[in-house]
Amino acid sequence: MIKRMVYVNHIEVKSVTIGSVMEVGDVYRASPTSTVLAVQKEGEEYTTDTFNYEDYPIFSIPPSPPLHPIEISSFHYHNSPIIVDHVSVKGLSTAAVLQIGGIDHFDASSRTKHIRIINNEP
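Each residue of the sequence shown is one higher than the last, beginning at 1 in full-length UniProt numbering.
These are computed hints drawn from the structure, not numbers from a lab.
We put the beta carbon where it would ideally sit given N, CA and C, even for glycine.
Hints are supplied without guarantee of correctness; some may be wrong.
As the list claims (entries may be wrong) - In silico DSS-like pairs for lysine-lysine, Cα to Cα no more than 30 Å straight-line:
#	residue 1	residue 2
1	Lys-113	Lys-3
2	Lys-90	Lys-41
3	Lys-41	Lys-113
4	Lys-113	Lys-90
5	Lys-3	Lys-41
Said to hold, decoys possible - For each label pair, taking beta carbons as the anchor points, the in silico distance ranges come out as:
#	residue 1	residue 2	range
6	Pro-81	Asp-49	48 to 56 Å
7	Gln-40	Ser-80	48 to 56 Å
8	Thr-35	Asn-9	32 to 40 Å
9	Leu-98	Pro-57	29 to 37 Å
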């Protein structure tokens with residue numbers, strides 16, 4: 001991959017969280033991943049319930065096979081810099097990528113199990 005200069009006049013990103021990546025420039029590979037076990041419990045009482053990834057099949061099943069590469073009709077400026085005027089992003093979350101530049105290989109994975117424990121109404 002030919003490395004190019006990147007000139008960004010203004011970039012504003014409020015939040016980058018949970019395995020996400022913000023890259024400026026050409027990169028060879030990005031592989032953001034995220035594994036989240038979120039528990040939301042109703043009530044004021046705190047308990048030390050234990051939740052384990054191995055208890056939920058979503059975290060142990062093999063991922064689906066990768067898609068075949070696609071061809072995109074594009075143009076190339078191998079020796080010219082990348083020039084960007086303005087980028088505004090509110091947030092990147094859960095294995096997201098914001099890329100200003102080129103990338104040869106991209107492979108992202110996110111698995112989330114959200115559990116809600118709600119009290120029974122009388």
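The hints, checked one at a time:
no. : hint                        : result
1   : Lys-113 / Lys-3             : 39 Å, violated
2   : Lys-90 / Lys-41             : 28 Å, holds
3   : Lys-41 / Lys-113            : 14 Å, holds
4   : Lys-113 / Lys-90            : 24 Å, holds
5   : Lys-3 / Lys-41              : 49 Å, violated
6   : Pro-81 / Asp-49: 48 to 56 Å : 54 Å, holds
7   : Gln-40 / Ser-80: 48 to 56 Å : 49 Å, holds
8   : Thr-35 / Asn-9: 32 to 40 Å  : 36 Å, holds
9   : Leu-98 / Pro-57: 29 to 37 Å : 31 Å, holds
Checked against the numbered hints given earlier, this structure breaks hints 1, 5; the rest are met.
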